Amino acid sequence: MTGVVDAEAVTKRYGEVLGLNGFSATFSEGITGLVGPNGAGKSTLFRLLAGQLRADAGRLTLLGEPAWGQGEFRRRVGYCPESPALFDWMTGNDFVTTLLRVDGFSRTEATERCARAMAEVDLTADGNRRLRVYSKGMRQRVKIAQCIAHDPELILLDEPLNGVDPVGRAAMSALMRQMSASGRHLVVSSHVLYEVERLTDQIVMIANGQAIAQGDLHRIRDLIDSRPHVIDLESSDPRALGRALSAWDHVVSIEFPEPWHLRVLTRSPDSFYATLPELVLAQGLNVQAVRSADDNLDAVFRYLSEERR
Amino acid sequence: MSISAPRYVQGPVARVGRTFRTLAIVQREFFRRATWGPLFAVALTWFIVIIDTVVSVDFATVSHGSVRSAFETIYESAFWDLLLLIVTATVGAGSLADDIGSRSITLYLSRPIRLSDYLAAKASATGSWILIAAVGPGCVAAGIAAALGMVSASDAFAAVGGCLAVGVVVTVFFTGVALALSSFTRRSLYAGVAIFGTVLALSASVGVISGITGNADLLYADIASNVQGIAEAAFGLPSPYATDPIASVAVLLLAGLALLGLAWWRLSRIEVVGE
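Top to bottom, those sequences are chains A and B.
Residue 97 in the working numbering sits at position 97 of the first sequence, with consecutive numbering throughout.
Residue 273 in the working numbering sits at position 273 of the second sequence, with consecutive numbering throughout.
It should be emphasised that the hints constitute simulated quantities derived from the structure, not laboratory data.
A quick note: this is a predicted structure, and the numbers were derived from the prediction, not measured.
One should not assume that every hint holds.
What follows is a set of in silico ranges between Cβ atoms, one per label pair, in the way DEER data are often shown [what the hints assert, rightly or not]:
hint, chain 1, residue 1, chain 2, residue 2, range
1, B, 261, A, 130, 31 to 37 Å
2, A, 38, B, 261, 37 to 43 Å
3, B, 198, A, 130, 31 to 37 Å
Not close to chain B: a few residues of chain A, all C-beta gaps over 12 Å, as computed [stated by the list, open to error]:
hint, residue
4, 37
5, 76
6, 81
7, 102
8, 106
9, 146
10, 147
11, 170
12, 228
13, 230
14, 251
15, 292
Ideal Cβ placement from N, Cα and C applies to all residues, glycine included.
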């Protein structure tokens, strides 16, 4: 394995509780989304990557280095923890500057980098306020500022958008994409699935401390051939459309949830999308809209979790 | 011919060494403790030590007594130790407990520093406050006494030396106590109570047991007895105590370093686990 992050059968126990249970995955370059429900083991994995926990078993490396410990390679990594705990007695600028100085920057360089990072997360105006008066969204943003200010190669963001308002989320997402475009690798965890889906197609899905799937989101979806794929169509004559579609072998069922709405379950979405235009043209059918109802992370995650049971 | 956009690559940035990185934490942690509690404890220590020392020196001057003995008076009672214990508890209780409790320790330890750097920074910041309380007022009192013409400059310098000797040794010990006990809890209140309770209980029990058994060696476990012995020697006075000052210095320094080692051991086994 030669990914940005390589995990091989990593196990972490908290007494009787299993945080990670033989987690194996390779995180490739660019943005990788670590997706799973609360308690799945995302934060445990991040703390292992941040060198804050030692794995009980298995092998975990990031940028080719063992994850455990506080070696010099840590300056190549930026870590934004999930915990809202900060050094509340400091101002935002002091907070970022201090951590930059711990990274090894001179006071002058740290001050300049702090100003740039605070501007990137839109906190310049609040930089001289104490962290204890920051809102939850501002705390998230200043955590991201400390995480990116030293220009790391690999950025670990544990639930970075949690608590950030919608406008802030859009700005943060844009910033993450920008960081990725500039050659940095990001591992972003979230249980809010659509956020990750909008950031990247590279997904590692985690449940019960295990990686249940990894790779391109759409390929993952394609792997799920035991489950029908839900496609919603809108038509002025849904019954005629339904009759035509029922002739296809891969169509499992057809429902009419609303007067103008047709829901098709198919075992072969690729064939469906490929042949639907021909069918519509050949039979003169009316189709006003086609939507994939479950080609999103929620559905994929639900399917995969059910499959493993 | 082809035209392509230039690729700008950032050159390597000079980084400062571990010592400077650690100093960044020392600086922040030192000012972090500048809250009402520690400031009041230090101010109280300064006020009492300066007043007590200057009045003692003035009385010795008037009564033609020993000036050195007057400078050493403050160490004779256990009150000075109690004041330093208050400073230690207010300054040092949260030094590690606060970071462990809030898990903000993660923010430091995910950086390229070692655990020993982090602990050294915490010890330096806590120790600086204790040192200010332990050494500062004695030195200022000596300066005031010299400025008021109560003592000669040489006597004042000798007094400063005595204050430094006692203060540094006691600072190492109390810093070790603070960090060790702070590393065992996530709440600074518990650590503060533990610092107070442990030192007071140890001193009280040692005094009683030593009195009953007649074993003077037990007094090496009592901070006040050690301080008194060291102070007598540091101020050049004959010691009436059963403890050997060199042994007392060794006991306090070794105990302080052992306690710092205990704090390091404890931190190395702490995993910053979830909420």
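Q. Is it the case that residue 147 (chain A) keeps its Cβ farther than 12 Å from each residue Cβ in chain B?
A. Incorrect as stated: the minimum Cβ-Cβ distance to chain B is 9 Å, not above 12 Å.
Q | Interface-negative label, residue 146 (chain A) against chain B, beta-carbon threshold 12 Å | A | Given a closest Cβ separation of 7 Å, the condition is violated.
Q. Is the Cβ of residue 251 (chain A) more than 12 Å away from each Cβ in chain B?
A. Holds, because the least Cβ-Cβ distance between residue 251 (chain A) and chain B comes to about 46 Å, which exceeds 12 Å.
(Q) Please verify that the nearest CB of chain B lies beyond 12 Å from residue 76 (chain A)'s CB. (A) The claim breaks: residue 76 (chain A) does not keep its Cβ more than 12 Å from every Cβ of chain B (closest is about 9 Å).
**Q.** Reported absence of residue 102 (chain A) from the contact zone with chain B (all CB gaps over 12 Å)
**A.** At roughly 5 Å from the nearest Cβ of chain B, residue 102 (chain A) sits no farther out than 12 Å, so the non-interface label is violated.
Q | Minimum Cβ-Cβ distance from residue 292 (chain A) to chain B exceeds 12 Å | A | holds, 35 Å
**Q.** Check on residue 37 (chain A) being off the interface with chain B, judged by Cβ distance over 12 Å
**A.** Holds: least Cβ distance 14 Å, greater than 12 Å.
Q: Look at the Cβ atoms of residue 198 (chain B) and residue 130 (chain A) and judge whether their distance stays inside 31 to 37 Å.
A: Taking Cβ atoms as reference, residue 198 (chain B) and residue 130 (chain A) lie about 34 Å apart, which means the hint holds.
Q: Against chain B, does residue 106 (chain A) hold up as non-interface, every C-beta pair farther apart than 12 Å?
A: Incorrect as stated: the minimum Cβ-Cβ distance to chain B is 6 Å, not above 12 Å.
Q: With 12 Å as the threshold, tell me whether residue 230 (chain A) passes as away from chain B on beta-carbon distances.
A: holds, 35 Å
Q: Starting from the hint 31 to 37 Å, judge whether the C-beta atoms of residue 261 (chain B) and residue 130 (chain A) obey it.
A: Distance hint for residue 261 (chain B), residue 130 (chain A) holds at roughly 35 Å.
**Q.** residue 81 (chain A) remote from chain B - nearest C-beta pair above 12 Å
**A.** Since the minimum Cβ distance to chain B is about 5 Å, residue 81 (chain A) lies within 12 Å and the statement is violated.
Violated hints for the displayed structure, listed by number in ascending order: 5, 6, 7, 8, 9, 10.
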